[in-house]
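Participant: Each chain, letter by letter, is given below.
2 protein chains.
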Amino acid sequence: MDLHGGNIYRLKREGKEDILDYSSNINPLGIPESFKEAVMENFSNVEKYPDPEYVALRTAIGEYNEIPMENVIVGNGATEILFLYMKSLNIKKAMIVAPTFAEYERALKVAGKEVEFFQLREEENFTLNIERLLNEIKDCDLVVLCNPNNPTGQFISLEKIDELSKELEKLDKKLFIDEAFIEFIKNWENKTAKLLKRKNIFILRALTKFFAMPGIRLGYGLTYDKNILETMKRKREPWSVNTFAELAGIIMLNDNEYILKTEAWINEEKEWFFQELNKIENIKVFKSESNFILVKLLNEKANIFRKKMIEENILVRDCSNFVFLNDSFIRLAIKDREKNKRVIEKIEKVVR
Amino acid sequence: MDLHGGNIYRLKREGKEDILDYSSNINPLGIPESFKEAVMENFSNVEKYPDPEYVALRTAIGEYNEIPMENVIVGNGATEILFLYMKSLNIKKAMIVAPTFAEYERALKVAGKEVEFFQLREEENFTLNIERLLNEIKDCDLVVLCNPNNPTGQFISLEKIDELSKELEKLDKKLFIDEAFIEFIKNWENKTAKLLKRKNIFILRALTKFFAMPGIRLGYGLTYDKNILETMKRKREPWSVNTFAELAGIIMLNDNEYILKTEAWINEEKEWFFQELNKIENIKVFKSESNFILVKLLNEKANIFRKKMIEENILVRDCSNFVFLNDSFIRLAIKDREKNKRVIEKIEKVVR
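First to last, the protein sequences are chains A and B.
Residue numbers for the first sequence follow the UniProt record's numbering, so the first one is 1 and each next one is one higher.
Residue numbers for the second sequence follow the UniProt record's numbering, so the first one is 1 and each next one is one higher.
It is possible that some hints are incorrect.
To be verified - In the BS3-like style, the derived pairs of lysine-lysine whose C-alpha atoms are separated by at most 27 Å in a straight line are:
1. K233/B <-> K173/B
2. K12/B <-> K87/A
3. K341/B <-> K87/A
4. K307/A <-> K307/B
5. K235/B <-> K87/A
6. K92/A <-> K92/B
7. K233/A <-> K301/B
8. K341/B <-> K235/A
9. K339/A <-> K48/B
10. K307/B <-> K48/A
11. K113/B <-> K87/A
12. K173/B <-> K48/A
13. K346/A <-> K48/B
14. K12/A <-> K48/B
Source of the hints: derived by calculation from the structure; they are not laboratory data.
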């Protein structure tokens, strides 16, 4: 298992204290002040068990997403919801749209399901070809995709998701969509698959990326599929969401100032960083709609490039272990202008 | 599923704001100040993913328990470790020593294992009869017990655990011991099953009870069984312990002042509360070695008694849904002198 976040701790244990972590895709604005204040004010809450039904938290998530709280399930990070969903499915085989986040495969395998991969092609800029997918799906009962996709940054439009989920519905198949990064998409509220209200869709979300707090562990699922929610509730472990994560959801989803500031940053920076990277020779940059960018190295291996960048005090994600990517690919987070400039400089130096 | 902690939220939603919760067994001293300070100082840690290997945390737990950190596995509350252990076992059937905490059965069933119960008898004061257990064990490959046991408060001596685990080892069977409450036992360091270093033993611990923070979600397992640890690591979800829980473990296990204060409180209060309860007519009180007391009502049903106590603004645990207990049993937490006095008064009033 190659976990992002793991490398940075290993590097620190090896003495690399001040490394700039471009391997993990976290909002550089940092945790909202509103959350810190809420923790201070409500600190003694940890002396009680969390509400096992998480009514206040699910209500806040429901309001944020304009969906009844009955359709919301919360978990200890998106990973708990992912593993629980896969465990709760009564299917034999799933198809993962790849290259993508490796945990889908692991969650399916831990749950005893078979896995096939559907290949997004580099020559199609890693866009999803629905017709080809439907041709290849055969005995797979579930399609798993990440939207926008990690690590390609590609976003599938609501129209295409509508078409795909409708076709899957006819075939009595399900669609699992990881929308962990969707809030980095402009006007995402009008583009989320939740709007389709289709029963065969399950949506995974996280507070990790957008609200800059991977340490707090809060994820949730949205679905109109009552049956799967029932099964998931029956199989889940009690009190899996800790008190601070509960508080984070209630407070931060209402912090409009932070949300607006983040949107202003990402809309500007994703364009600027792409344009600047695109000027560098010997690399190919893939246009991203999320807060990270996939880069193909044209004259260097990813592991060598990563090592050279560590010497420059920058950690990038070597993507060679993603299914269907080879040792030419790396992924960069998008951070603030000053840091992005530093990364551009160092990449220019290293790939020259 | 009947979860303690759940009732209190339901009662609050129904308008019972100031109810005294004697249904959940949490250290009344509250969270240590040292932890609150550590959270403030390290707040920005939540902007990073936790260390997926949790080296610092496992080291702290190892030092606290005088066991190498390689023998420590950490989880999102004791529940994650419990469910993960049961999922990782390659067995068909387990025997649960009961009455006891209901989640063992649920964890085993979610993992697809069969369950049998071994009955602790009221006429034996719910003590464990090892000879009878070994006679009944037959095709069960695992014995599950809680020590000290919830809700009976009975503690099994290290000598008896040694004898039991040795016999089970001969039969190639395992022993799972939940020691969530062991720190409330006087000189527990000399009485924990960890001292036996036997490979067929797995010990579950929690920071919930002793350190008064069920909201923080931190549990751990101790074992010399390398194989089960390997399987558990392979099946676990990444980053399941959040940043604050990680911090709590590192800080609080070293807070000797808090530990000593808690020991002084529980040693005095468990004796006093038992003596006072014992003076009340129409109830039978079971001597407890933990921070809660099992009570048998001699002229009242548990659900009626519970309702009457809620009217007196005290919530007790109705134990009628514990396997092998009937509707005569309730459980009381032990809190500070002032509150314990109030509870004594109200019980006297209600059972008169």
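Participant: State for each hint whether it applies.
Facilitator: Comparing the hints with the structure gives:
{"no.": "1", "hint": "K233/B <-> K173/B", "in the structure": "holds, 22 Å"}
{"no.": "2", "hint": "K12/B <-> K87/A", "in the structure": "violated, 33 Å"}
{"no.": "3", "hint": "K341/B <-> K87/A", "in the structure": "violated, 48 Å"}
{"no.": "4", "hint": "K307/A <-> K307/B", "in the structure": "violated, 66 Å"}
{"no.": "5", "hint": "K235/B <-> K87/A", "in the structure": "holds, 12 Å"}
{"no.": "6", "hint": "K92/A <-> K92/B", "in the structure": "holds, 23 Å"}
{"no.": "7", "hint": "K233/A <-> K301/B", "in the structure": "violated, 31 Å"}
{"no.": "8", "hint": "K341/B <-> K235/A", "in the structure": "violated, 40 Å"}
{"no.": "9", "hint": "K339/A <-> K48/B", "in the structure": "holds, 17 Å"}
{"no.": "10", "hint": "K307/B <-> K48/A", "in the structure": "holds, 22 Å"}
{"no.": "11", "hint": "K113/B <-> K87/A", "in the structure": "holds, 16 Å"}
{"no.": "12", "hint": "K173/B <-> K48/A", "in the structure": "violated, 37 Å"}
{"no.": "13", "hint": "K346/A <-> K48/B", "in the structure": "holds, 23 Å"}
{"no.": "14", "hint": "K12/A <-> K48/B", "in the structure": "holds, 13 Å"}
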